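Guided by the hints, dock chain B with the ligands onto chain A, whose structure is given.
Residue numbers (my numbering), protein chains in the order written: chain A, 1 to 602; chain B, 1 to 185.
No wet-lab data here; the hints were simulated from the structure. Where hints are given, some of them may not hold.
Distance windows between CB atoms, simulated [to be verified]:
{"hint": "1", "chain 1": "A", "residue 1": "71", "chain 2": "B", "residue 2": "150", "range": "41 to 49 Å"}
{"hint": "2", "chain 1": "B", "residue 1": "172", "chain 2": "A", "residue 2": "455", "range": "42 to 50 Å"}
{"hint": "3", "chain 1": "A", "residue 1": "114", "chain 2": "B", "residue 2": "99", "range": "30 to 38 Å"}
{"hint": "4", "chain 1": "B", "residue 1": "179", "chain 2": "A", "residue 2": "97", "range": "45 to 53 Å"}
{"hint": "5", "chain 1": "A", "residue 1": "454", "chain 2": "B", "residue 2": "175", "range": "25 to 33 Å"}
{"hint": "6", "chain 1": "B", "residue 1": "99", "chain 2": "A", "residue 2": "589", "range": "18 to 26 Å"}
{"hint": "7", "chain 1": "A", "residue 1": "169", "chain 2": "B", "residue 2": "99", "range": "49 to 57 Å"}
{"hint": "8", "chain 1": "B", "residue 1": "184", "chain 2": "A", "residue 2": "57", "range": "23 to 31 Å"}
{"hint": "9", "chain 1": "A", "residue 1": "114", "chain 2": "B", "residue 2": "131", "range": "25 to 33 Å"}
Computed from the model, here is a short list of chain B residues facing chain A with C-beta under 7 Å [to be verified]:
{"hint": "10", "residue": "27"}
{"hint": "11", "residue": "67"}
{"hint": "12", "residue": "70"}
{"hint": "13", "residue": "104"}
{"hint": "14", "residue": "108"}
{"hint": "15", "residue": "126"}
{"hint": "16", "residue": "128"}
{"hint": "17", "residue": "130"}
{"hint": "18", "residue": "134"}
{"hint": "19", "residue": "135"}
{"hint": "20", "residue": "136"}
{"hint": "21", "residue": "137"}
{"hint": "22", "residue": "145"}
The structure displayed is predicted, hence computed values, not measured ones. Note that beta-carbon positions come from the ideal geometry of N, C-alpha and C, so glycine has one too.
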Amino acid sequence: MEPIANSLDAVLEAVLSKRRRDPTQLLQILREVQEQVGYIPPPALTAIAAALKLPRARVEGVAGFYSFLHLQPVGKYRVLFSDNATDRLLGNLDLLGTMCQKLWVEQGKVSEDGLVSVDVTSCTGMCDQGPALLVNGRPITRLTHQRVNEICELIRSRRPLSLWPQEYFRVEDNIRRKDDLLNTVLEPGAALAAAMALGPEAWLGEVQKSSLRGRGGAGFTTGVKWEACRNAPGEERVIVCNADEGEPGTFKDRVLLTSYPDHVFEGMTLAAYATGARQGFLYLRGEYRYLLEPLEAALQRRREAGLLGQGIRGQAGFDFDIEIHLGAGAYVCGEETALIESLEGKRGTPRIRPPFPVIKGYLGRPTVVNNVETLAKTVLIALEGAERFAAVGTAQSTGTKLLSISGDCAFPGIYEYPFGVSIEQILEDCGATDVQAVQVGGASGTCLASYEFHRGIAYEDVPTAGSFMIFDTSRDLFEVARNFVHFFAHESCGFCTPCRVGTSLLQNFMDKLATGHGAKYDLADIEWINRLLKAASHCGLGLAAANPVVETLIKFRPAYERRLQSLDFAPAFDLDQSLAEARRMTGRDDADAHLSSVEAHR
Amino acid sequence: MIVSGRKLRVATTSLAGCFGCHMSFLDIDEHLLELVELVEFDRSPLTDIKHCGPCDIGIIEGGVCNAENVHVLREFRKHCKILIALGACAVTGGLPAQRNHLDVGQCLQEVYHTCIGVESLPGGQVPNDPELPLLLDKVHPIHEVVRVDYFIPGCPPSGEAIWKFLTDLIAGHTPRLSHPILRFD
Ligand SMILES: Cc1cc2nc3c(=O)[nH]c(=O)nc-3n(C[C@H](O)[C@H](O)[C@H](O)COP(=O)(O)O)c2cc1C
Ligand code: SF4
Ligand code: SF4
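Chain A extracted, bound-state conformation (with noise of 0.2 Å):
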């Protein structure tokens, strides 16, 4: 990951031809260039476009699209904290001004001497260990001002990232609670091997028997979605794992493919199986980029035992393999059209839908896009069989789920319960006391307040990806709802008014209170946003970005009020501040040359 003084055009050149010129691979090439060079300089972009025979602004648009893509130096250390409001919790932004203030660097500038710049990106996925930082790309976890100090030591004397201590970059699986899956001991091939005893249309029958629904978000059936694809016109299908686990205080889906790989390639092996699929796809977050090696390994010790690849376990005709593809930081891209568009070489712009991705996906093929839980949970259901599998979980919820816990509780980590397991049991077992609230399912999910702890994890009750934060009574949750409305603005993907304004706006109006300039009426115009973006976003991004508003709006009203300043309407700047300029390039300071903020009342 060190930048290496090799000319620009060699590293073209290699990484051009490791991945075939192919436009497709464009997100790939940008980010492999700048792995070696460290950015992507205006030439790079130029040489780029004229190989693969693609316009030159279609290649910057591309990479000014991913936050994890620069145009220009970010220095030789570049030092990204998360900043999900579970970090937050644990003082990231205390320990970001601390790093600043010792490298003598401001947040989001470069050093003057070129060596390093200090940001903050949207959550890591280390919530259970936090607070976490990226550097060159690389988590460290279990951040204290001790090893903030050491680490800047080690920046000021230019020590390669190879050579810190290993225990920086310790990432923990924090495995709590174990049912259903995380027991399986997986064989690799013995699920394959049961549900081609079953052959492709009982394997299907199967699935659909268990009624296992998506555990990416949208809890659509997985057995329909696959039959669609089955069914689709079309010679060559593909199966998308979206790994892209974007949603703040998500995590289980790092744990799955750190400890449990072979459980989710032979996951999607199975729906290639019964979807006749020949191509798949792994969609990593370019936040887990320190995954890929031992993930390619998994892949390659899967083709050497013969389950993947051609003829897959012998049998003539089962053809399929799996790529990985790098995000390289934008959420919108766990959107799943937005995923196809940017393993198309793309920018992460949701499609128009209909047609959805099981009738034109990547490349105009049927694809299934399936969650990595999802995909893992078929492996039970191949070794279990179906009856076992939906015997577990609620009527419309079968199976278990994995939840990733943060924020204000004793034991952080994943937890694997059967659906319909209460809020109340949960903050039991993680040893939460004096609780607040609790955000589920992410920022863009539902923040439920003590009264409703009652209530179940299942799709008909409270559903979730994953995401559990909790924060207790001595947490803000105007503050919570303020980090989740900056993440949305950050994260729209600018495609469409109402969300790219709108999320912006609310931004704007959750810092005019917290900066203590709000007013009753401001209330209002958040309420009148919350109802433009839920009318008319384009995806699930701009739909979802007024929710952790809303919810807190309602249940936690007097947290807004108390930061009103009046009950009418308040400017959001000081007024007589505005005229200081002219104060001194007049010399006046008559009672004319000031302002009141709020109108005197005469």
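Showing chain B with the ligands alone in chain A's frame:
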């Protein structure tokens, strides 16, 4: 919004605007005769009344660029039940807000000292007569300074749009402008 037994009172003013929006208002032509049957004017360039009294509708052209604009706007807000931002400048800051990316001190410097063809005042002084309102460092749309009830975009909005809006309002339904009379240029 029929108020029994009396005409509605309407006030209008131009803050940091070019009076183009008021000209457009006059462009409703013969409707003016209908309008004076329905409303009477309080403070407005049309009446020369200097201060706004209790009104039903206040119409503001232009954004907020100086201290006096703030006082006038607050007076309108205080006395008008309904306040309307008329035209691009009132809605977004418009043309005058193009100075927002410049430093106001440097602007004054340029205008009163360095600009070619300007005779500097003695002592290199920027005019400091208390009669002159001080400039704010930024030009703001009016909704950033007071609460605003309705917005009519356009530079200027057409007479037709203004007429439709006012007659809706006077008749008591929520004003709705749609294509083609709703436009932003
Ligand atoms: C803004 C946005 C972000 C999303 N992020 C993810 C994600 O990180 N991982 C994921 O599995 N699904 C994510 N989804 C849901 C996917 O669009 C899709 O529904 C899911 O991958 C389907 O898989 P499943 O049926 O197995 O749940 C996201 C959706 C939206 C609208
Ligand atoms: S809703 Fe937001 S994220 Fe989704 S397409 Fe529109 S701008 Fe992009
Ligand atoms: S909106 Fe246009 S017409 Fe109206 S005041 Fe501004 S510049 Fe003049």
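So, going through the hints one by one against the coordinates:
1. A/71 to B/150: 41 to 49 Å: Check passed, 43 Å falls within 41 to 49 Å.
2. B/172 to A/455: 42 to 50 Å: With Cβ atoms ~45 Å apart, the hint holds.
3. A/114 to B/99: 30 to 38 Å: Check passed, 35 Å falls within 30 to 38 Å.
4. B/179 to A/97: 45 to 53 Å: holds (51 Å)
5. A/454 to B/175: 25 to 33 Å: violated (47 Å)
6. B/99 to A/589: 18 to 26 Å: holds (24 Å)
7. A/169 to B/99: 49 to 57 Å: For residue 169 of chain A and residue 99 of chain B the Cβ distance comes to about 51 Å; the hint holds.
8. B/184 to A/57: 23 to 31 Å: holds (27 Å)
9. A/114 to B/131: 25 to 33 Å: violated (53 Å)
10. 27: Where the cut-off is 7 Å and the nearest Cβ of chain A is about 30 Å from residue 27 of chain B, the hint is violated.
11. 67: This hint holds: residue 67 of chain B lies near chain A, its Cβ roughly 6 Å from the closest one there, short of 7 Å.
12. 70: Holds, about 6 Å.
13. 104: Result: holds, 5 Å to nearest chain A Cβ.
14. 108: holds (5 Å)
15. 126: With a minimum Cβ separation of about 5 Å from chain A (threshold 7 Å), the hint on residue 126 of chain B holds.
16. 128: holds (4 Å)
17. 130: holds (5 Å)
18. 134: Residue 134 of chain B check passes; min Cβ-Cβ to chain A is 4 Å, inside 7 Å.
19. 135: Holds, about 5 Å.
20. 136: It holds, given that the least Cβ distance between residue 136 of chain B and chain A is near 4 Å, below 7 Å.
21. 137: Where the cut-off is 7 Å and the nearest Cβ of chain A is about 5 Å from residue 137 of chain B, the hint holds.
22. 145: Hint holds; residue 145 of chain B Cβ to chain A Cβ min 5 Å, cut 7 Å.
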